[in-house]
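Assembly of the complex is requested from the two constituent chains, each provided in isolation within its own frame, with the hints serving as guidance.
Taken in sequence, the protein lines are chains A and B. To convert, note that position 2 of the first sequence is 29 in this note's numbering; the numbers rise steadily by one, no gaps. To convert, note that position 81 of the second sequence is 154 in this note's numbering; the numbers rise steadily by one, no gaps.
In short, the hints are calculated from the structure, not lab data. Not one of these hints is a red herring.
What follows is a set of in silico ranges between Cβ atoms, one per label pair, in the way DEER data are often shown:
(1) 229/B <-> 29/A: 43 to 49 Å
(2) 192/B <-> 284/A: 35 to 41 Å
(3) 322/B <-> 28/A: 33 to 39 Å
(4) 220/A <-> 183/B: 51 to 57 Å
(5) 296/B <-> 303/A: 35 to 41 Å
(6) 161/B <-> 28/A: 17 to 23 Å
(7) 152/B <-> 57/A: 41 to 47 Å
Listing some non-contacts, in silico: residues in chain B with all C-beta distances to chain A over 12 Å:
(8) 152
(9) 165
(10) 212
(11) 218
(12) 219
(13) 244
(14) 363
(15) 368
Cβ coordinates follow ideal geometry from the N, Cα and C atoms, glycine included.
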Amino acid sequence: MRKYILDLRLRSISHPRPGYAVLRLTDPQGALPPMQAGQFVEVRVDDSPTTFLRRPISINFVDRQANELWLLVHAIGAGTEALTTLHEGATLNVVLPLGNGFTMPAQSGQVEKAMKDATNVASAKAERWLLVGGGVGTAPLLYLGQQLVEAGVEPVFLLGGRSAADLLQLDLFERYGQVFLTTEDGSAGERGFVTQHSIWDASAAQPFARICTCGPKPMMVAVARMARERGIACEASLENMMACGLGACLCCVEDTVDGNLCVCKEGPVFNIEKLKW
Amino acid sequence: MADLRTTIGALQLKNPVMTASGTFGYGLEFADFVDLSRLGGIIVKGTTLEPRQGNAYPRMAETAQGMLNCVGLQNKGVDYFCQSIYPQLRGLGTAVLVNVSGNSPENYAECARRIAALDDIPAIELNISCPNVKQGGMAFGVTPEGAASVVKAVRAAYPKTLIVKLSPNVTSIADIARAVEAEGADAVSLINTLMGMAIDAERRRPVLSIGTGGLSGPAVKPVALRMVWQVFDAVKIPIVGLGGIMNATDAIEFILAGATAIEIGTANFIDPAVTEKVVEGIEAYLERHHFGSIRELIGAAHCG
Chain A
28 MRKYILDLRL RSISHPRPGY AVLRLTDPQG ALPPMQAGQF VEVRVDDSPT
78 TFLRRPISIN FVDRQANELW LLVHAIGAGT EALTTLHEGA TLNVVLPLGN
128 GFTMPAQSGQ VEKAMKDATN VASAKAERWL LVGGGVGTAP LLYLGQQLVE
178 AGVEPVFLLG GRSAADLLQL DLFERYGQVF LTTEDGSAGE RGFVTQHSIW
228 DASAAQPFAR ICTCGPKPMM VAVARMARER GIACEASLEN MMACGLGACL
278 CCVEDTVDGN LCVCKEGPVF NIEKLKW
Chain B
74 MADLRTTIGA LQLKNPVMTA SGTFGYGLEF ADFVDLSRLG GIIVKGTTLE
124 PRQGNAYPRM AETAQGMLNC VGLQNKGVDY FCQSIYPQLR GLGTAVLVNV
174 SGNSPENYAE CARRIAALDD IPAIELNISC PNVKQGGMAF GVTPEGAASV
224 VKAVRAAYPK TLIVKLSPNV TSIADIARAV EAEGADAVSL INTLMGMAID
274 AERRRPVLSI GTGGLSGPAV KPVALRMVWQ VFDAVKIPIV GLGGIMNATD
324 AIEFILAGAT AIEIGTANFI DPAVTEKVVE GIEAYLERHH FGSIRELIGA
374 AHCG
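Next up, chain B with everything else stripped away, as it sits in the complex (with noise of 0.2 Å):
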C-alpha cells in the first residue's frame, strides 16, 4: 500500500485530497454519498467575523465546462460557526480547516483569533482572493502589499498552520505568493475562481445579480495548472492546488506541477462522491507506476 500522507507547515494529511470552500458545505451534506473519514482535508465555506448575506439571487450561471457564481460569502459568522457547527464537526475523522475571509486585516485577524482557540481546528485558509464581494475579499489579493499586510495581521493572531489562497486575477501570481511567504504564510493554496461573466442574449442583460462571477471548473485547469507550476519555483513553502480538477488524474497533474496537495471544487456538484473516488485513483496510480509515497511526486514534473 503506497504511502498517501503528505504535511503542509504543522499539519499532518492523511492523503492529499481535500475538498475546496464553498463547494462541500460543512462535509456533513456530502455525508451520505463519501466517507468523510476516507478525506485528507475538509475546509468548510468562508467564514467572516460578522454575518453576511451573500449577494442577490441569481448567483450562478452554467458555462462551457463551468460554472460562474457569485455567491459573495453568505455566512452566519464566525460565532456562529464556533457554537453552532464546530461541535458537530469534531470527530469526523478528517481534518477540518476553516476559510477565513474579511474586510480589513484587523477584522481577518480577529476572526482568526477566534478559530485558533478551536482545538479540533489545525490550519484556515485565508481568502484573499474572493472575486465577489466590494469591499476586502480579492482588493487584497491582487496585490503584493495588500496580500502582505493581512497576513502579516492574522500571523500575529494565528500560531497554528496558516494557508493562504491566492487569486489567479493578477498579472504575477508568484509575486503575491513571495510576499505572503515573506510574511510567514506556512502555505498557499491556488487558484480561486477567474473573473468573468455571462450575459443573456435573449434578455440582454448580465445573467448574474452584480454582472460578474468567479469562474471554475474543467475550463480554468489549464490556468491553475500553469500557475501551480510558477509559484513551485517561486516560494519554498508548500503549495495546495485546485482549479477544475475532476479525478484523479488531474489530482496527480497538479502534484507534478509542484502541488502537496489539491482540493476538489466544482466536481462536488456534477458527482458528490468524487472526492473518495479521487483518494483511490490516487492511491492506484501510485501502486501502477510503482511509487512508494506520494510525496515522490511533489514538483516532479520540473525535472529533467
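Excised from the complex, chain A in its bound form (with noise of 0.2 Å):
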C-alpha cells in the first residue's frame, strides 16, 4: 500500500474520560487514502519541547463518509499527553497507512483453505469472529468491526478493563455487533479478565471462525493460549516501541519463529503462530 505524510485537520476532539482522547481527522486536500484495520499511523508532535520521535496510533475508525479518520489517544508520556490537549483546528503532521493489518475474511478464507486443504471451508456468511480487546488495544477493534460487517462477517466483542471506566466507545461497538464485557473489579460485564468471561464456554456449541486481539501483551498471550486449546485461528496486534515505523531503524522487533522481526513492517498484526507465546 502506498504510504503518504499527510497535513491533516483536526475537525474534532473529545474526551471519553480524563486522559483519554478521540482525535476525528480530515484531510483538507482530498479523500483519505485505503486504509485497513489493524494498521497504524505515525504522529509527529509538534507543542512538546520534550517529544522527538513520531508516535505511532493505531487506527481506531476510519468514517469515509465524512472523510475522517479517528485515532483513539491514551495520555501516557509527554508525546500522547500534547496530542490528548490538541485545539478543534489544529494540523498534525501524519505518516500512513503503516504496517499490515489483520487478514479480512477474503483473504483469510484463503490460508484456511490452504492450510487445512479442505473444499468444504465454511462460508462468510455465517462466520462469527471474535474481536479480544484490552484497555486502549481496543481502539483498532472498532474499525475492524466495522469492516467485517462490510464483509459478511459477525463481529463479537470481548472487551475488558480494569474498570468500567477504562472500557470507552461501548455505544459504537454496539453499532456492528454483541458486546461482552470484563472488569477486574466488576464494576462492569463480568468480574475478571477477558480470557475468565463465560463467553468462552458458551462458544464451544458454536465456534467462533477467527479471534483478532489487540491489549496488553500479557492479555494478547492468554487469548492466544486460549485460541490454540480451541484450534481457532488467531491474530494479534503488537505496540511494541518504535521509532521510524517504515522497517528502517530495527528498533520495534519481536522475537519470533522466523527470527527478530519488525513489528511496524512485518506487524504490527502477527497471526500468532509466527508468535513464541
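See the structure below:
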C-alpha cells in the first residue's frame, strides 16, 4: 500500500474520560487514502519540547462519508499528553497507513483453505469472529468490526478493563455486533480478565471462526493460548516501542519463529503461529 | 543552477546528500516519500559476512533531542544482500553504498571482497564504530592500531572507494583518522553514535536490553561538527559528515566545517521526506549566497 505524509486537520476532539482523547482528523486536500483495520499511523508531535520521535497510534476508525480518520489516544507520556490536549482546527502531520492490518475474510478464507487443504470451507456469511480487546487496545477493533460487517462476517466483541471507566466507545461497538465485557473490579460486565469470561464456555457449541486481539501483551498471550487450545486461528496486534515506523531502524523487533521481525513493517498484526508465545 | 556535484575518492556524487546506514533501510522503504534519484547516495544498513540476529528488544529509547539505539547490526548476511537485495537496488539513479561490519580484519575483508564483485556498488563504508556489538565493531575503532588493522586488511581486498566510519567514543578522533588515511582509506565518515544510556526510574533498570546504546539526533550535532572540524585539519582525504543533521542549514554547517558530503540519519524517522528537502535547501543556499559550486564551501569556515 502506498504511504503518505499528510497534514491533517483536527475536525473535533472529544475526551471520553480524563487522559483519553478521540481525535477526528480530516484531509482538507482530498479523500483520505485506503487504510486497513489494524494498520497504524505515525503522528508528529509539535507542541511538546521533550518529544523527539513521532508517536505510533493505531487506526481507531475511518469514516469514509465524513472523510475522517479517528485516533484514540491515551496520555501515557509527554508526547501522547500533547496529542490529547490539542484544540479543534489544529494541523497534525501524519505518516500513513503503516504496517499490515488484520487478515480480512476473503484472504483468511484462502489461508485456512490452503492450511487445511479442504474444499469445505464455511461460507463467510455464517462466520462469527471474536474480537478481544483490553484497555486502549480496543481502539483498532472498532474499525475492524465495521470492516467485518461490510465483509459479511459477524463480529463479537469481548472487551476488558480494570474498571467500567476503562471501557470506551461501547455505544459505537454495539453498532457492529454483540459486546461482552469484563472488568477486574466487577464494575461492568463479568468480574475478571477477558480470558475468564463465560463466552469462552458458551462458544463451545458454536465456535468462532477466528479471533483477533489487541491489548496489553499478557492479555494477548492468554488469548492466544485460549485460541490454540480451541484450534481457532488467531491474530494479535502488537505495540512494541517504535522509532521510524517504516522498517528502517529495526528498533521495534519481536522475537518470532522467523527471527527478529519489525512490528512496524512485518506487523503490527501477527498470526500467533509466528509468535513465540 | 549551482553545481552540487562532489567527489569522494573515485566516487562521483550528484550532490552531497547521502543517507546514514541503519536509518533508511535499503532505500526502498522510503520510495513513497522521496525520489531516490534526487539523492547523492544511499548507504544501506550494516552488512556482515554471517547473518546476525542483533540484540534483544528493547532496542530504543527516546532522549532529549535524540534517541538511543542498540540494534546490534541485525542483518541477513552479505550473501543474502548480494542475491536478494542488490538486484532491487540497481537502477535507482543514485549511488548505492554498503556499510560493512565484522568481528575480525579477515572477516571484514571477506565481506568487502564479496561486495566488490557487485558492479553497481561503487563504494563501501567500513563500520569500525558500532557501539552495540560485543565482538569487533567499535573495539577496532577506538585505537589507531585497531583501526589500521581492519583498514589494511580491507584495502587489500577492496579496490573501489573505501570510506571508514569513525567512532566519536575516543580521546582523539584525529589520531584515528590519520591512522586509517595512512592505510589507504579514500575517505572517513564521522560520527557514528555516541555511547550513552537511559534508566527507567520507575522500574529502576536500564531501558535498553544491553544497558547502553548509541545516541543520535540533534543532541549530538555540536560534538559531530567539532570532530569534523578537527579531522579536516588532520587529514587530506575527504570527510563525510554526519550527526544530528535535520535540515539544509545543518548540512551546510558540516560542509563549512570540512565535509565533502553529508549523511542524514535519525532525521529520516521524524520526516521521511527530509533528504530531498535538504538537497533543495542546499541548492537554495548556494543560489542565495551566489556560490557556483558546493565545492567552494568545503571547509570554508576554516579560512580567515
